[in-house]
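Asks: Sequences and hints are given; from them, build the entire structure.
Now for the letters of each chain:
There are 2 protein chains.
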Amino acid sequence: MPFLADLFEHGLLVETGVPGVYGHGREFERVRLGFDDLVTRAAAADEPERLRFPPVVPRRQLERAGFFNSFPHLVGTVFALQGDDLQERATELALLPAACYPVYPSVAARGPLTRDGLTIDTGPAYVFRHEPSDDPGRLQSFHMRELVRLGAPETVHSWQWSWRDRALELLRRLGLAAEADVGADPFFGRAGKILADSQREQQLKFEILAPIDGPTAIASFNYHQEHFSSTYGIELEGGGAAHTACLGFGHERIVLALLRQHGLDIDDWPGEVRSELAL
Amino acid sequence: MPFLADLFEHGLLVETGVPGVYGHGREFERVRLGFDDLVTRAAAADEPERLRFPPVVPRRQLERAGFFNSFPHLVGTVFALQGDDLQERATELALLPAACYPVYPSVAARGPLTRDGLTIDTGPAYVFRHEPSDDPGRLQSFHMRELVRLGAPETVHSWQWSWRDRALELLRRLGLAAEADVGADPFFGRAGKILADSQREQQLKFEILAPIDGPTAIASFNYHQEHFSSTYGIELEGGGAAHTACLGFGHERIVLALLRQHGLDIDDWPGEVRSELAL
Numbered sequence: 052m053p054f055l056a057d058l059f060e061h062g063l064l065v066e067t068g069v070p071g072v073y074g075h076g077r078e079f080e081r082v083r084l085g086f087d088d089l090v091t092r093a094a095a096a097d098e099p100e101r102l103r104f105p106p107v108v109p110r111r112q113l114e115r116a117g118f119f120n121s122f123p124h125l126v127g128t129v130f131a132l133q134g135d136d137l138q139e140r141a142t143e144l145a146l147l148p149a150a151c152y153p154v155y156p157s158v159a160a161r162g163p164l165t166r167d168g169l170t171i172d173t174g175p176a177y178v179f180r181h182e183p184s185d186d187p188g189r190l191q192s193f194h195m196r197e198l199v200r201l202g203a204p205e206t207v208h209s210w211q212w213s214w215r216d217r218a219l220e221l222l223r224r225l226g227l228a229a230e231a232d233v234g235a236d237p238f239f240g241r242a243g244k245i246l247a248d249s250q251r252e253q254q255l256k257f258e259i260l261a262p263i264d265g266p267t268a269i270a271s272f273n274y275h276q277e278h279f280s281s282t283y284g285i286e287l288e289g290g291g292a293a294h295t296a297c298l299g300f301g302h303e304r305i306v307l308a309l310l311r312q313h314g315l316d317i318d319d320w321p322g323e324v325r326s327e328l329a330l
Numbered sequence: 052m053p054f055l056a057d058l059f060e061h062g063l064l065v066e067t068g069v070p071g072v073y074g075h076g077r078e079f080e081r082v083r084l085g086f087d088d089l090v091t092r093a094a095a096a097d098e099p100e101r102l103r104f105p106p107v108v109p110r111r112q113l114e115r116a117g118f119f120n121s122f123p124h125l126v127g128t129v130f131a132l133q134g135d136d137l138q139e140r141a142t143e144l145a146l147l148p149a150a151c152y153p154v155y156p157s158v159a160a161r162g163p164l165t166r167d168g169l170t171i172d173t174g175p176a177y178v179f180r181h182e183p184s185d186d187p188g189r190l191q192s193f194h195m196r197e198l199v200r201l202g203a204p205e206t207v208h209s210w211q212w213s214w215r216d217r218a219l220e221l222l223r224r225l226g227l228a229a230e231a232d233v234g235a236d237p238f239f240g241r242a243g244k245i246l247a248d249s250q251r252e253q254q255l256k257f258e259i260l261a262p263i264d265g266p267t268a269i270a271s272f273n274y275h276q277e278h279f280s281s282t283y284g285i286e287l288e289g290g291g292a293a294h295t296a297c298l299g300f301g302h303e304r305i306v307l308a309l310l311r312q313h314g315l316d317i318d319d320w321p322g323e324v325r326s327e328l329a330l
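Protein sequence lines correspond, in order, to chains A and B. According to the working numbering, the first sequence is numbered sequentially starting from 52. According to the working numbering, the second sequence is numbered sequentially starting from 52.
Hint data in this document are derived by calculation from the structure and do not stem from the laboratory. Any given hint could be a false lead.
[To be verified] Here chain B is said to cover these stretches of chain A; the calculated rule only asks that three of the stretch's residues, wherever they fall, bring their Cβ under 8 angstroms from a Cβ of chain B:
hint	segment
1	64 to 77
2	89 to 103
3	125 to 131
4	168 to 180
5	245 to 253
6	307 to 316
[Said to hold, decoys possible] Some chain A residues well away from chain B (every beta-carbon gap over 10 angstroms; in silico):
hint	residue
7	Pro183
8	Gln191
9	Thr282
10	Asp319
11	Trp320
[Said to hold, decoys possible] So, partial list: chain A residues that the calculated Cβ filter (under 10 angstroms) puts toward chain B:
hint	residue
12	Leu146
13	Ala160
14	Trp212
The beta carbon of each residue, even a glycine, is placed where N, CA and C say it ideally should be.
Replies: Structure, rendered in structure tokens:
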């Protein structure tokens, strides 16, 4: 039986009639929330500030940050039945494509950062990518929990590299065959290939992969250099643009990788994994 | 200072540039999550089954349930840049307008219910209503936590009435001047007025109100009779259509009512309220 059908059969995911949009059954949620708590504990040493944003975001903000140019094929926008004729017309909103987007303008509004800067924890945000598929590892709507680091270049750089090891260790403790690799974003079109090659060459993105149906990115690290700080004006005290980086955990993919590794009956998982996840 | 500006000033809410779409600061989230846990404890006696759904839902499902007819002015639909020309075109998805909508078809798919039926806990779902406003009590995107009861008419009816008292007691323990009242949904247009009058007359909806800027519904009970069970075919073992009812808590409104009642500095709230919310 294909994996997706097996997940429905066991009540782990719930069909809605649209590919890539599923409900979560009780056991799936138990694992997901257990993993979320594990990240909270692992991130405590960073003393992150919790900020939470809705699954909709000003469309203008995504345009300004370049999302519409780089990933037009993934964008979701919000329409509403407007006017006396109740016709569907565009609103000011789009669907949030990654948890960290709203963080940058809101931190910029606070004024300059110290060189040590700060760490923001977005909590598990529901994000959207328009890529309908029957692959359970490629959802249209899924939870992304992001840690965002903003500060002086050396601070942000060393934070990102330390988290590469911490995240690998955390995921391997769960019994996953997790491996880090350099990655690239799915930029659109021919110009996108050049962007992706440059991203790879500069090692601005790396991912942690684990098997679902083949190796799948379950966590992703992006080093943005001055991209967001120059867009929004995030400066350092004493002058200079801040650097930013983020680390995103894909909740649903991590649960799926765990189900692939340890089986669909959570009560049969190894004791140490259940203990890590407080199951 | 208007309440909304005061909330921004204190970092409780975070501006995004679109009215009714705000981020939550750390302290707002602490209260919200504390309240969510309180509902979990209060609902434990019902032994609810946790099912969670994304903030997007098949558009067809909302059409089938009558949402487009009854509340066209509140609908949000999802468009994507599609085709070789990347034009914005409608997808199969709409934004979830209430946490309970996806519950009914998924329970229907399981087959007939016992007369005692079951209780579903949706967890805190992000829902959307297209009604841009500067009133912090009227958000476009907010958390709704719903308990949904499905079963024989007498079971569902008595569950709803028992929760009226339990919810009032729970909210009053938090120091809120909470009062129950018969309510009606904001049905669209002239025909909508007739629907709302009939709903009021049959006492199918009641709300718990507390002051924010004036009395505001912070929890809402809807008795659907056979509306959803006849739409989706939710039947009872031995024959007959199930009844359904739901109780929704509006997380953000409840936090706002608490901030109005006890002040913007959570550390100064009464000890018994902080203890209830584990703050």
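Asks: Return the numbers of the hints above that this structure violates; sort them in rising order.
Replies: 5, 6, 7, 8, 14
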